[in-house]
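Engineer: Sequence:
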Amino acid sequence: MLYNEIKAHLEGKILPFWEALKDDAHGGFYGYMDEGLKLNRRADKGCILNSRILWTFSTAARVLKRADLIPFADQAYAFLDAFLDPENGGVFWSVTFDGKPADTTKHTYCQAFAVYGLAAYYRLTGKKEALGRAMDLFRVIEGKCRDDKGYLEALKADFTPESNEKLSENGVMASRTMNTLLHVIEAYAELERACPDPAVREAGLRGLEQTLTTVYNPGKRRMEVFFDADFRPLLDMQSYGHDIEGSWLLKDAAESLAGGEGAEKWQPMCLDLLESATERAFTDHGLHYEIVDGQVNTIRAWWPQAEAMLGFLFGWESTGDPVWLKRMRTQWDYVLRSVVDSREGGEWLNEIREDGSSVGKPVVEEWKCPYHNGRMCLRLLERNPGI
1 MLYNEIKAHL EGKILPFWEA LKDDAHGGFY GYMDEGLKLN RRADKGCILN SRILWTFSTA
61 ARVLKRADLI PFADQAYAFL DAFLDPENGG VFWSVTFDGK PADTTKHTYC QAFAVYGLAA
121 YYRLTGKKEA LGRAMDLFRV IEGKCRDDKG YLEALKADFT PESNEKLSEN GVMASRTMNT
181 LLHVIEAYAE LERACPDPAV REAGLRGLEQ TLTTVYNPGK RRMEVFFDAD FRPLLDMQSY
241 GHDIEGSWLL KDAAESLAGG EGAEKWQPMC LDLLESATER AFTDHGLHYE IVDGQVNTIR
301 AWWPQAEAML GFLFGWESTG DPVWLKRMRT QWDYVLRSVV DSREGGEWLN EIREDGSSVG
361 KPVVEEWKCP YHNGRMCLRL LERNPGI
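Numbering (the numbering used here), first residue to last: 1 to 387.
Each hint should be verified, as a subset may be incorrect.
[As the list claims (entries may be wrong)] Label-pair restraints from in silico Cβ distances: (1) A8 to S357: 23 to 31 Å; (2) P16 to D228: 43 to 51 Å; (3) P71 to R383: 24 to 32 Å; (4) D68 to S342: 20 to 28 Å; (5) T160 to E19: 34 to 42 Å; (6) G126 to N4: 27 to 35 Å; (7) K127 to T283: 40 to 48 Å.
[Claimed, not checked] In silico lysine to any residue, SDA-like type, Cα no more than 25 Å apart, as pairs: (8) K38 to W367; (9) K220 to Q210; (10) K22 to T125; (11) K156 to D85; (12) K361 to N40; (13) K100 to K149; (14) K166 to F231; (15) K149 to R201; (16) K166 to P101; (17) K100 to P71; (18) K22 to A102; (19) K220 to P233; (20) K128 to K144; (21) K127 to L84; (22) K166 to V359; (23) K144 to A229; (24) K7 to Q75; (25) K100 to K13; (26) K22 to R379.
Simulated from the structure, these hints should not be mistaken for lab results. We put the beta carbon where it would ideally sit given N, CA and C, even for glycine.
Using the sequences and the hints given, assemble the complete structure.
Structural biologist: Dropping the structure here:
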């Protein structure tokens, strides 16, 4: 059964890899390992990576009912202190290996992932301090990281504006992004699951509404990616990974924030995103990355390969059509064959070419983490679809 394979992979490959990166000397987890599996113990540590590790071990300990994983969640939680700015509030982008501020940018995306990790840790432990910190960061996002049109992106340590290189690409400088909005919604949904709150629910629903009315383009069957300050798209682009991730994630968030019947409002959009990305990007050897100005990028980045699994699960749950189960099997076989690192001490490769060769990118860095593939496994196990 696929269920048993996924569970064995999570417990035998993914979690042990990240457990081994625990930094007992300086706290947290090591921040960089190159493609040759060479660890840099003095690399900066990113807040996004630490927050995602916090979420993964917190959720794994809860879902798998494994108390032996709690110390790893505790480790990530304790190190989050290093990112917190006691003067202005919020979390920094990164710190040095020994916990001193490195990049003091306050990015909304980064604040959101700290909320996400803290909410998961509170769900595991019930520690009021963790919930308090999550709510403090929620108030930072709502009070300092948005204006009357939506969420801002990169800010300086004092929350004055800064250019958004960190979440811009393809030659544009975006004032707003689909990616930040998507993960603010995700964080608020997790916080609502942890401890229902009217303000969190209202903010999350506002984000969901903006996704439906502004970010989603029904004519082109995609979410627009990069925007100017007035939410005008800057590029003719479809991010297949984000659309397939958004399909299940937005419906899941809507169920938490709007309730079962209320969530149906977003179902047509979510299914359209899934079907569009699948039709345009899915093959029997993985998911294409994106298309920009008509040019398809066929790189197989690790994270869309994981998101495709959850998108296909959502398709099966929504329609009952067995074609989605067949696609899950095809995709999982591809992941095992080409994305999973077969070397001793490896986990998943970062990027793979269409011919199956590795691009050679690091296997641990601020964006390469256990969140997408770990979450894929945990969500499938938690929903236990009997496959």
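Engineer: Of all the hints numbered above, which does this structure not satisfy? Sort the numbers upward.
Structural biologist: 13, 25
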